[in-house]
Structure formats: C-alpha cells, structure tokens
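Student: The primary structure of each chain is shown beneath.
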Amino acid sequence: MRIIFAIPLALFLFFAGLAAYMLTQDKAQTIPSQMIEQPLPEFSLQPALDGMPGASKSDFIGGEPRLLNIWASWCLPCIAEAPHLERLKDEGVDIIGIAVRDQPAAVADFLSRYGNPYSRIGADDISALMLEIGASGVPETYVIDAQGNIRYQHIGDVRAETVPLLLEKLEEAR
Amino acid sequence: MMRFALAILALIAGPLGVGQALAQQAMPPAPYAYVQLENPVLEAEASALMETLRCLKCQSQSINDSDAPMAGDMRHQVRSRILAGESPDQIRSWLVQRYGDYVSYEPEVSATTWPLFAIPLLLLAIVGLVLLRRLGKRRSDGIDVGGEAV
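In order, the protein sequences belong to chains W and L.
If you're matching positions, the first sequence starts at 1 in the numbering used here and goes up one per residue.
If you're matching positions, the second sequence starts at 1 in the numbering used here and goes up one per residue.
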C-alpha cells in the first residue's frame, strides 16, 4: 500500500527530469521538405534582373545534376554563403538561383558586391516555387538530377564544410 | 515625410540587419495575402482552413494570425486555390505532402500520431476497469453501493 503513495512523486520526478533533459537539447528549427526523391514541379519564373535568364523546370533537364539555390538579396546568411557557392561554381557546378521576394535593383547590387555564381536567376515574388518544393526558409540549396528530380535538400547557408557534401550528393545524383 | 522617416529608420536599423529584414517586405504582398475573396462563402472556407495551417516561419501561429511575408504567400495560395475550385482538404493535403504534419494544426491519425489518440482511450479504459472492480468488490462485500453506507 505504501508504494502507491510514491507513484505521484515518481511521476513528478520523471516529468521534471524529462523537462530538464529537453531544455538541454537543441530545438529542431528546420522543417525538412517531404519532396525529396520527387520530381520538380513545372514552373517558369521571370528573370530576377535584367541581363540574365529566368528559370524554369526545363533548365534542369539533361546534362549534369545541378544545384537550385533559394536566396534573396535581403537575406544575411546568403552573404555568408556567397563565397562557398563561388567555390562550387569553380568546381564546375551549374547553380540556378531563385530570388525570393526580391527587386531587380537589389539583386544586381547584391551580385556586384558578393559575386554571381548563378547561370540563371528566376524571380519568385510570392514564394510559389518555395511552397511547391517544400522550402520553408531562405537560403536553401537543392540537388536536382538531370531528369529533374529533387535528390537532396540542404537547409540554411552553405558553409565551407557543406561544399564537399554537396559535391558528393551531386556525384550520387549522376 | 514618410520617405524621410523610412530613411532615418534604415540608417538606425541598417547596421543591425533589421533594414535587411524590412527589405523583404518592400515587395508588394501577393494579391490574396491581405485581400479577402469576394464570395463570402468561399472566404469563410478559406479562412477556416487558414486557421488550421501553421506558419512555417513563425512556428506558433496559424497563417491566419501571422504577418510574416511567407504566411501572406501561403494565404494567397489558399485563397487562389479555393477560388480555382479546390476543396480545403485538397489544399491541406497539398501542403502536408510538402511539409509533413508540421504544417497542419489539425492532427490526423497517422503512424506517428496514433499514441496521442490511443493513450487517452487507454487511460479511460483503465479507469473504467478499476471502477468496475472496486464497485463490484463492494457489491460482493454486501455494502449498499448507491447508499450512504460509505
């Protein structure tokens, strides 16, 4: 009978311990796309600035796997990832940019400051493509194979250590 | 004057990166982000659906409650799809297909969520069993269950 009185205390200690443990854990801030291994949706986006082509699904078909980079001139981590995208470009990777909620002048200004690793940049003014592919933030980078299927999603800015990972995923997607 | 105030704001906020955050709102919002559908029946349908969809940027608000630019873009999708004749269920599953259960505030029974539904039922069943046993015992002890003998 005595042991029954210990049960509430044990339950309390269990939940207090659980709460204390969870407080030390990183909160998952990322929402992974469920569209991995799915084909890109049909889309056709206007150029994000004068003098560069826009982007559509057909730009991903044929040849080598490509990167689809979701970015914006107003996004601070995008400045941090610019040199690493440049490195990927130097490795011969074709990077197609999607500028989210952006203006041509701001895009041109960003590219002149931080470099232009893109072969084309489509303008996604109302996050339509973002929502289609399950992207929840800026920046995100996707590996797209030559058949137009989404093969890998990297959430957040591309860092020095992300470059070899993306190269590996591009190789796997061949 | 407004322009001047904005310039001052940008000067103050610029180094903090707040200017950058404001810049994503410099674009006009999507057509149906802040504009209701003309047909009140369709708008009510859209609005009810938006209450149960989670804003992906703000995490603890529905897209109906949030002023985040992305929530506006999601409201545009909901309203324009309702207008195009899609049902709320179709739109919800279109989003769940892309973001998983995370995006929905209306939990469905699935491989990961079934314990949420099963545990309360299980607890009720246990309580029921305990009550039955206790009451049954009293009855067999010959105590008047419904009376004041307790």
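Treat the hints with caution; some may be incorrect.
Footprint (simulated), chain W over chain L, 3 or more residues, beta carbon under 8 Å [unchecked claim]: (1) 34–45; (2) 79–92; (3) 121–127.
Not close to chain W: a few residues of chain L, all C-beta gaps over 12 Å, as computed [unchecked claim]: (4) PRO31; (5) GLU51; (6) ARG54; (7) LEU95; (8) PRO115; (9) ALA118.
These are computed hints drawn from the structure, not numbers from a lab.
Keep in mind the model is a prediction, meaning the values are calculated, not measured.
All C-beta atoms in this analysis are idealised placements derived from N, C-alpha and C, irrespective of residue type, glycine included.
Student: Against each hint, give a clear statement of whether it holds in the structure.
Tutor: Do the hints match the structure? See the list:
Residues of the segment 34–45 of chain L with a Cβ under 8 Å from some Cβ of chain W number 0, which does not satisfy the need for three, so the listed coverage is violated. For the segment 79–92 of chain L, the stated coverage by chain W is not satisfied: 0 residues place a CB nearer than 8 Å to a CB of that chain, which falls below the threshold of 3. Restraint check on the segment 121–127 of chain L versus chain W: 0 residues with Cβ-Cβ distances below 8 Å, three needed, restraint violated. Look at PRO31 of chain L: its CB is around 8 Å from the nearest CB on chain W, not clear of 12 Å, so calling it non-interface is violated.
Every CB of chain W lies more than 12 Å from the CB of GLU51 of chain L, the least distance being 18 Å, so the non-interface label holds. With a least beta-carbon separation of about 9 Å from chain W, ARG54 of chain L fails to lie farther than 12 Å from that chain, contradicting its non-interface assignment. Residue-level check failed: LEU95 of chain L sits 8 Å from the nearest beta carbon of chain W, not beyond 12 Å. Consistency note on PRO115 of chain L: stated as away from chain W, and its beta-carbon is indeed over 12 Å from all of that chain's, at 16 Å minimum.
The non-interface label for ALA118 of chain L is consistent with chain W: the shortest C-beta to C-beta separation is roughly 19 Å, beyond 12 Å.
When the structure is compared with the earlier hints, violations turn up for hints 1, 2, 3, 4, 6, 7 and for no others.
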